[in-house]
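Asks: Letter by letter, the chains look like this.
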Amino acid sequence: MSLDYLITITIPMLEGAQMTILLFLIAIVLSIPLGFLITLMANSSIKGVAWFAHTYIYVMRGTPLLLQLLFICFGLPLLPVVGEYLVMERFTSACVGFTLNYAAYFAEIFRGGLLSIDKGQYEAAQVLGFSKWQTYRKIILPQMFRVALPAVANESITLVKDTALLYAVAVPELLHFAQTAVNRDFTIVPFFIAGVIYLLMTLILTVFFKKLEKRLRFE
Amino acid sequence: MAIIQVSQLKKSFGSLEVLKNVSFEVAQNDVVAVIGPSGSGKSTMLRSLIHLEEVDGGSIRVHGEYLVKDGVYPGSQKIRQITARMGMVFQHFNLFPHLTVRENLEIAPRIVKREEEAQIRRRSAELLEKVGLAQKADAYPSRLSGGQKQRVAIARALMMKPDILLFDEPTSALDPELTGEVLQVIKQLAQEQMTMIVVTHEMGFAREVANQVMFMDNGEFIESGPPQEFFANPRHERTRAFLQRVL
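Top line first, the protein sequences correspond to chains A and B.
Going by numbering that gives the first Met the number 0, the first sequence wraps up at 218, each residue one higher than the last.
Going by numbering that gives the first Met the number 0, the second sequence wraps up at 246, each residue one higher than the last.
Derived by calculation from the structure, the hints in this document are not laboratory data.
Treat the hints with caution; some may be incorrect.
As the list claims (entries may be wrong) - Computed list of lysine-lysine pairs in DSS-like fashion (alpha-carbon distance at most 25 Å, straight line):
1) B:Lys112 to A:Lys137
2) B:Lys129 to B:Lys160
3) A:Lys131 to B:Lys160
4) A:Lys131 to B:Lys77
5) B:Lys160 to B:Lys77
6) B:Lys9 to A:Lys118
7) B:Lys135 to A:Lys213
8) B:Lys160 to B:Lys135
Work out the full structure, taking the sequences as your base and the hints as a guide.
Replies: Below you can see the structure in the form of structure tokens.
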């Protein structure tokens with residue numbers, strides 16, 4: 000097996016990895032704030048709002064991501080009347096699916112973070128004259144984020160691997176090119192290369208989150 | 000002149016009546032030690048003065064303004080304006096763990112009062128000096144002992160220049176050898192004529208520093224008086240029984 004061959008099969012995989020990374024970045028940047036919004040809704044004193052958030056989390060966590068992707072990509076356009084307006088590029092619909100799904104998981108992670116904060120923190124802020132908004136922004140959120148960080152890191156790594164589901168909606172990405180090479184050349188080497196590329200991406204994330212945790216140790 | 004006037008305060012948690020018609024007054028520059036058995040309603044009474052608890056009935060007046068009148072509260076703006084004149088120190092300190100000692104002191108004047116930066120800096124340095132923790136300014140609370148945390152909490156409350164300082168069992172969560180340093184700071188504040196209400200189990204402190212001792216039992220205000228008199232000749236049978244147990 001020549002070096003030339005390795006390079007020839009690796010290049011399309013790296014191009015596919017760009018798609019993987021793009022989806023990852025879009026999904027993470029959108030789903031974290033959306034997840035936080037859902038956390039706030041779940042904690043809302045308005046019953047309907049809280050009910051909506053809990054139902055949303057239940058449905059998103061209770062059905063396979065693959066089903067959700069297929070539904071958004073191929074199912075929505077079949078809806079009567081509105082269907083024709085819901086036709087999206089496959090990559091776009093994948094971004095929508097990943098964002099909506101991961102937001103539900105992040106919402107639960109943040110809710111756990113909020114629960115861990117002692118009520119004394121709210122009281123201290125109140126007697127110092129903080130408004131509700133100031134209390135959340137300056138006191139509660141930074142602490143919540145710190146508590147949630149390991150779980151957020153975990154979820155982010157899962158997201159990198161879940162991007163392989165793009166395969167199912169026929170968006171060419173890393174795994175797609177590996178599979179093509181395997182079928183064409185009758186060798187399992189491309190699978191190993193794909194594995195190494197995934198490991199590299201998750202390694203970068205792991206190091207990033209470890210560093211972030213260290214910085215936010217408050218000691 | 001009374002700075003705080005409390006009359007007929009009532010409060011229940013479910014079927015449990017924690018405050019039954021509590022009335023008292025606190026004068027300017029008073030240092031009031033509130034004592035009584037656990038569950039007597041001392042903390043609830045103190046917390047209702049700064050609106051951490053809402054009472055069901057009765058009135059609280061601060062500087063003549065009603066925080067609550069016959070169980071009815073004004074709008075939240077008014078409540079904030081009245082409670083802003085008070086500071087509170089908690090049993091468990093409640094420092095902000097993600098902020099350094101200096102940031103703990105400076106955050107409220109900065110974002111609540113929008114004071115000038117130089118002024119905030121100067122005052123935080125002064126107050127840390129005063130509580131003997133200037134060298135800990137850049138440490139996070141997790142690096143401090145309990146006594147140090149409580150001194151930071153007192154400095155943090157003083158940053159807002161309150162007229163009245165409330166203490167909810169400020170030494171109860173501390174190791175015995177650390178209570179002295181906290182009581183020392185409170186004593187110094189008393190000498191500087193700060194008006195204070197201190198819920199405490201420290202009878203020595205009540206005797207030495209307070210100019211009024213107030214006894215509560217079972218949700219009721221029983222009696223109060225200057226410490227010499229209070230400890231020497233308690234008028235009420237329940238006070239005598241309590242003092243016998245704790246002294």
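Asks: Each of the hints needs a verdict: does it hold here or not?
Replies: Consistency of the hints with the structure:
1. B:Lys112 to A:Lys137: holds (15 Å)
2. B:Lys129 to B:Lys160: With Cα atoms ~14 Å apart, lysine 129 (chain B) and lysine 160 (chain B) stay inside 25 Å; holds.
3. A:Lys131 to B:Lys160: holds (22 Å)
4. A:Lys131 to B:Lys77: Answer holds: lysine 131 (chain A) to lysine 77 (chain B) is near 16 Å, not above 25 Å.
5. B:Lys160 to B:Lys77: Measuring from Cα to Cα gives roughly 19 Å; hence the hint holds.
6. B:Lys9 to A:Lys118: Judged against 25 Å, a Cα distance of about 24 Å means the pair holds.
7. B:Lys135 to A:Lys213: Given that 25 Å is the threshold and the Cα spacing comes to 21 Å, the pair holds.
8. B:Lys160 to B:Lys135: holds (22 Å)
Against the hints set out earlier in the document, no violation occurs for any number.
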